[in-house]
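Numbering (this note's numbering), first residue to last: 342 to 535.
Hints may contain errors.
Now the in silico label distances, taken between C-beta atoms and shown as ranges [as the list claims (entries may be wrong)]:
| id | residue 1 | residue 2 | range |
| --- | --- | --- | --- |
| 1 | 372 | 409 | 53 to 61 Å |
| 2 | 372 | 494 | 17 to 25 Å |
| 3 | 415 | 460 | 23 to 31 Å |
| 4 | 429 | 362 | 23 to 31 Å |
| 5 | 440 | 365 | 30 to 38 Å |
| 6 | 378 | 409 | 44 to 52 Å |
| 7 | 368 | 416 | 45 to 53 Å |
| 8 | 366 | 525 | 41 to 49 Å |
| 9 | 364 | 534 | 53 to 61 Å |
Treat the hints as calculated values from the structure; they're not laboratory data. Even for Gly, the Cβ is constructed at its ideal location relative to N, Cα and C.
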Amino acid sequence: MRKEDRQSSEAGVTLIEILFVVFIVALLTTAILVSVNRFRISARDTQRVAAIKQLEVALRLYYDRNNGTFPTPTGPLYAGWEPSFAANFMEYLNSYIAVVPTDPTNSGPPTGMLSPRPDGTFFLAYQRYASGSTFGCTWTSPFAVLGFRTLEGNGVAGLPQASCGGNPTCPSGGTNNVCRNWSDTLDYSIFLIE
Numbered sequence: 342m343r344k345e346d347r348q349s350s351e352a353g354v355t356l357i358e359i360l361f362v363v364f365i366v367a368l369l370t371t372a373i374l375v376s377v378n379r380f381r382i383s384a385r386d387t388q389r390v391a392a393i394k395q396l397e398v399a400l401r402l403y404y405d406r407n408n409g410t411f412p413t414p415t416g417p418l419y420a421g422w423e424p425s426f427a428a429n430f431m432e433y434l435n436s437y438i439a440v441v442p443t444d445p446t447n448s449g450p451p452t453g454m455l456s457p458r459p460d461g462t463f464f465l466a467y468q469r470y471a472s473g474s475t476f477g478c479t480w481t482s483p484f485a486v487l488g489f490r491t492l493e494g495n496g497v498a499g500l501p502q503a504s505c506g507g508n509p510t511c512p513s514g515g516t517n518n519v520c521r522n523w524s525d526t527l528d529y530s531i532f533l534i535e
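Using the sequences and the accompanying hints, generate a full structural model.
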């Protein structure tokens with residue numbers, strides 16, 4: 342073998358070495374993109390929880406300044422709910438909060454407001470119910486339910502879930518002793534009772 346041929350093969354890079362480097366770079370890029378996507382999902386879920394807490398504070402301020410009543414949702418409504426994807430979401434809170442928050446994705450409407458999740462929709466929702474016998478539960482005063490439709494990440498367990506029950510047989514269906522559980526509509530829901 343000539344000396345020049347030996348030097349060029351020792352100094353050069355083989356195709357296998359180039360492919361190996363490209364594979365490693367692709368693997369690292371994929372890992373980084375997956376991590377960034379998980380971070381974005383977690384950040385949006387954190388925003389959803391923070392938005393509900395801000396709205397709860399604003400609704401309690403409204404309650405304090407309006408003779409102990411929560412606001413009645415204004416239109417457009419979906420099965421009685423005021424969702425954040427609709428125009429003028431909770432505009433009656435403008436005096437109590439600088440900016441009324443919405444869901445970071447804010448997609449909707451669902452095929453049916455009461456359709457099971459996941460259905461690809463993400464929004465905040467509010468509804469006020471009258472007193473009386475609703476969902477097999479007797480309410481002595483009006484109440485409201487506030488929540489968000491869907492978390493993107495895992496971790497629904499442990500989130501607040503509004504439910505009413507106590508009736509051994511629910512008159513309009515539902516699970517005995519839990520006649521209405523808003524977890525079938527919302528991943529996160531709280532009661533605001535007047």
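Structure-based check of all given hints:
For residue 372 and residue 409, the hinted distance range of 53 to 61 Å is satisfied, since their beta carbons lie about 54 Å from each other. Between residue 372 and residue 494 the beta carbon distance is about 18 Å. The supplied range of 17 to 25 Å therefore holds. Checked against the hint of 23 to 31 Å, the C-beta distance between residue 415 and residue 460 comes to roughly 25 Å, which is consistent with it. For the pair residue 429 and residue 362, the beta carbons lie near 56 Å from each other, so the given range of 23 to 31 Å is not met.
The hinted range of 30 to 38 Å is not satisfied by residue 440 and residue 365, whose Cβ atoms lie roughly 45 Å apart. Here the CB-CB span from residue 378 to residue 409 is close to 45 Å, well matched to the stated 44 to 52 Å. Hint check: residue 368 to residue 416, Cβ distance near 52 Å, so the stated range 45 to 53 Å holds. A hinted range of 41 to 49 Å for the beta carbons of residue 366 and residue 525 is consistent with their spacing of about 46 Å.
Take residue 364 and residue 534: their Cβ atoms lie about 60 Å apart, and the range 53 to 61 Å holds.
Against the hints set out earlier in the document, violations occur for numbers 4, 5.
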